[in-house]
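Engineer: Listed here are the chains, written in short residue letters.
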Amino acid sequence: MYNEELENMRFDLQIIASWIEPGSRVLDLGCGNGDLLEYLKKHKQVNGTGIEFSEEKVARCIERGLTVLQGDFRKEVCDYPVGRFDVILLSQTLQQIHDPKELLIDLLSIGKRVIVSFPNFAHWSARLQILCTGMAPVTDQLPYEWYDTPNIRIISIKDFKRFLRMFGVRTVREIAINTHHHDYKGTIVRSLKNLRATYGIMMLERML
Amino acid sequence: MSNADGIAPKSPLVEKKFFTFAHSPNEMVLDCGARLGPITLAFETLGELNAARSNAILILHAFSGDSHVAGYLHQDDERPGWWDNMVGPGKPIDTNRYFVICSNILGGCAGSTGPSSIYPKTGKPYGLSFPMVTLKDMVQAQKQLIEHLGIKKLMALIGGSVGGMQVLRWCADFPEMVISAIPLATTTRHSAQAIAFNEVARQAIMADPAWNNGDYYDGSGPSHGLAVARMIGHVTYLSDESMREKFGRRLHRSALSFDFTGDFQVESYLHHQGKKFVTRFDANSLLYITKAADYFDLERGGSSLLINETLAAVSFLVISFTSDWLYPTYQSRGIVSALKKNGSDVSFCEIEAQFGHDAFLIPNKRLDGLISGFLDRVYKEHCV
Numbered sequence: 001m002y003n004e005e006l007e008n009m010r011f012d013l014q015i016i017a018s019w020i021e022p023g024s025r026v027l028d029l030g031c032g033n034g035d036l037l038e039y040l041k042k043h044k045q046v047n048g049t050g051i052e053f054s055e056e057k058v059a060r061c062i063e064r065g066l067t068v069l070q071g072d073f074r075k076e077v078c079d080y081p082v083g084r085f086d087v088i089l090l091s092q093t094l095q096q097i098h099d100p101k102e103l104l105i106d107l108l109s110i111g112k113r114v115i116v117s118f119p120n121f122a123h124w125s126a127r128l129q130i131l132c133t134g135m136a137p138v139t140d141q142l143p144y145e146w147y148d149t150p151n152i153r154i155i156s157i158k159d160f161k162r163f164l165r166m167f168g169v170r171t172v173r174e175i176a177i178n179t180h181h182h183d184y185k186g187t188i189v190r191s192l193k194n195l196r197a198t199y200g201i202m203m204l205e206r207m208l
Numbered sequence: 209m210s211n212a213d214g215i216a217p218k219s220p221l222v223e224k225k226f227f228t229f230a231h232s233p234n235e236m237v238l239d240c241g242a243r244l245g246p247i248t249l250a251f252e253t254l255g256e257l258n259a260a261r262s263n264a265i266l267i268l269h270a271f272s273g274d275s276h277v278a279g280y281l282h283q284d285d286e287r288p289g290w291w292d293n294m295v296g297p298g299k300p301i302d303t304n305r306y307f308v309i310c311s312n313i314l315g316g317c318a319g320s321t322g323p324s325s326i327y328p329k330t331g332k333p334y335g336l337s338f339p340m341v342t343l344k345d346m347v348q349a350q351k352q353l354i355e356h357l358g359i360k361k362l363m364a365l366i367g368g369s370v371g372g373m374q375v376l377r378w379c380a381d382f383p384e385m386v387i388s389a390i391p392l393a394t395t396t397r398h399s400a401q402a403i404a405f406n407e408v409a410r411q412a413i414m415a416d417p418a419w420n421n422g423d424y425y426d427g428s429g430p431s432h433g434l435a436v437a438r439m440i441g442h443v444t445y446l447s448d449e450s451m452r453e454k455f456g457r458r459l460h461r462s463a464l465s466f467d468f469t470g471d472f473q474v475e476s477y478l479h480h481q482g483k484k485f486v487t488r489f490d491a492n493s494l495l496y497i498t499k500a501a502d503y504f505d506l507e508r509g510g511s512s513l514l515i516n517e518t519l520a521a522v523s524f525l526v527i528s529f530t531s532d533w534l535y536p537t538y539q540s541r542g543i544v545s546a547l548k549k550n551g552s553d554v555s556f557c558e559i560e561a562q563f564g565h566d567a568f569l570i571p572n573k574r575l576d577g578l579i580s581g582f583l584d585r586v587y588k589e590h591c592v
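If you're matching them up, the sequences are chains A and B in order. For the first sequence, counting from 1, position 140 maps to 140 in the numbering used here; every step adds exactly one. For the second sequence, counting from 1, position 102 maps to 310 in the numbering used here; every step adds exactly one.
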């Protein structure tokens, strides 16, 4: 069965879902089986579209009545008109993008707002591993070896905020959380975020 | 359920009906400027139109198809319609819920007006005096039928190949009558490669002396040319992979013949397909319909006719197949790309299939699930 109830979704997705205004036009990049879209459609009456690479997952989404395009979202986002979406979701994918800066510029054009979540590479457990072992960290959030990781961008919460300032992107909301890779439960981190949080979530908006 | 002989009765039974319009002096003005009338369309329907007339689905057939989309015409009918695995009670296009209409295209030879029909002026078949019809004309004629049936809006338009082109032509010409559309294995315009194959098929017919400039209806007609045209068509509907798997280099006799009577299974398959086609299809119809498909171009002049504000309210499901080299996936992506610019609700899936262009007609669970899921949503959102 599909998970479409809030508590059955990954913790970062629960936070993201809670930030979505009812009735908004949403684009979910890498929407998987469509659990988040289904939840938003049912509980927030959003007009949602997903983009997903896997044929099987796309088919599952369409079978359950969702609007989903099969393809590489880096290319697919280019055809939409300016301001087509109220909010675009990019969860746990930014660290795998070849041109994250250009992607964010594109997203902030076709969407009014973008919600980004990413694993915080500066979490204390990763720092400690580098310090003590002298080797690339392997943690619950970053469970890969250097030779098989899809994560080609090393981002910390602090790095990302500096990047946003440099490129004139406004942060509408932000939250730091402590949760495991695919866990349904987690906690909100309020102090020493860059040290203690495993994920950062931010809602971004273009500066006018 | 079975009758006295223990044979299950054929179900559902359908009836081929006819609608005639464009009587003189109100002939239909065609894309080419000529006037054509009266026009008859053969059509079949399955299911019941609901009271709100909101559950109608129009299925558009591919170039050699006909109005007999599903079910049986009579109890002794050996084969059901051409998309019986998809359309019927409890099937993905569920006729317990939807009212399905399928009509033979203008220019065809299965009951609708075409080059083999009688030209009222001469009392003989039209032959080449039949005017050149286009996809736009075919869709214009279908619109007359839909209005005649009392339907203002179609819940869905579904078609593959040349049927998919009709779906897109409907969306370009009458977007206000469309709630949703499923173009399958199709394109907004023929590639040079697709035109090339069509031209070879036409030349095969026209090179047959029995074609006689299209005036052959008192004889047997260009059966050899038509068979060769069909053989060429079949090559384009398959794929390298599916032909390798189906035939390989296997022989259809015990040893090489060392003559030209045919050795390989793939040869006898094509001969068989060619011969079978001759018994059911008119050579002139093939000329006209392939030409119409070649002329079809929704991007003429550099701007897409699919970019249209009214289409923002239409939901689309675009589907392509990995091994289709006649209308490859990049052409379906082109459709998607244009529709996204409107802000239309558009879904797209490329189905992994080895059967080439023919894949859209072959039973496929993935295709079933996509179509039934999409229609279910459209029905719940717009038709209840």
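These aren't lab readings, by the way, just hints derived from the structure by calculation. Treat the hints loosely; a few may be bogus.
What the hints assert, rightly or not - With a straight-line Cα cutoff of 27 Å, these simulated DSSO-like cross-link-like pairs (lysine-lysine) come out:
1) K57(A) with K549(B)
2) K299(B) with K57(A)
3) K361(B) with K57(A)
4) K299(B) with K101(A)
5) K360(B) with K44(A)
6) K332(B) with K41(A)
7) K549(B) with K112(A)
8) K483(B) with K41(A)
9) K44(A) with K299(B)
10) K588(B) with K42(A)
Said to hold, decoys possible - To spell it out: a stretch of chain A is covered by chain B in this simulated footprint if at least three of its residues, at any positions, have a beta carbon under 8 Å from a beta carbon of chain B; those stretches are:
11) 35 to 45
12) 63 to 75
13) 107 to 114
Note that CB positions come from ideal geometry on N, CA and C, so glycine has one too.
Engineer: Take the hints in turn and mark each one as holding or not.
Structural biologist: Hint check results:
1. Our distance criterion of 27 Å between C-alpha atoms is met by K57(A) and K549(B), whose separation comes to about 24 Å.
2. Straight-line distance between C-alpha atoms of K299(B) and K57(A) comes to about 22 Å, which keeps the hinted pair within the 27 Å bound.
3. Between the alpha carbons of K361(B) and K57(A) the distance comes to roughly 32 Å, so the proposed pair goes past 27 Å and is violated.
4. A C-alpha spacing of about 48 Å is found between K299(B) and K101(A), which places the hinted pair above 27 Å, so the restraint is violated.
5. For the given pair, K360(B) sits about 32 Å from K44(A) by alpha-carbon distance, which is inconsistent with the 27 Å threshold.
6. This hinted pair does not check out: K332(B) and K41(A) have alpha carbons roughly 60 Å apart, beyond 27 Å.
7. Annotation: proposed proximity of K549(B) to K112(A) holds, straight-line Cα distance about 17 Å (limit 27 Å).
8. Taking the CA atoms of K483(B) and K41(A), the gap is near 53 Å; set against the 27 Å cutoff, the hint is violated.
9. The straight-line distance between the Cα atoms of K44(A) and K299(B) is roughly 32 Å, outside the 27 Å bound, and the hint therefore fails.
10. Distance check on the hinted pair: K588(B) and K42(A) sit about 13 Å apart at the alpha-carbon level, within 27 Å; holds.
11. A stretch counts as covered by a chain when three or more of its residues have a beta carbon under 8 Å from one of that chain; for the segment 35 to 45 of chain A and chain B the count is 0, and the coverage is violated.
12. Figure legend: the segment 63 to 75 of chain A, annotated as covered by chain B; annotation consistent (9 residues with Cβ-Cβ distances under 8 Å, at least 3 required).
13. Three residues within the 8 Å Cβ limit are the bar, and the segment 107 to 114 of chain A against chain B gives 0, so the coverage statement is violated.
Violated hints, listed in ascending order, are 3, 4, 5, 6, 8, 9, 11, 13; each of the other numbered hints is respected by the structure.
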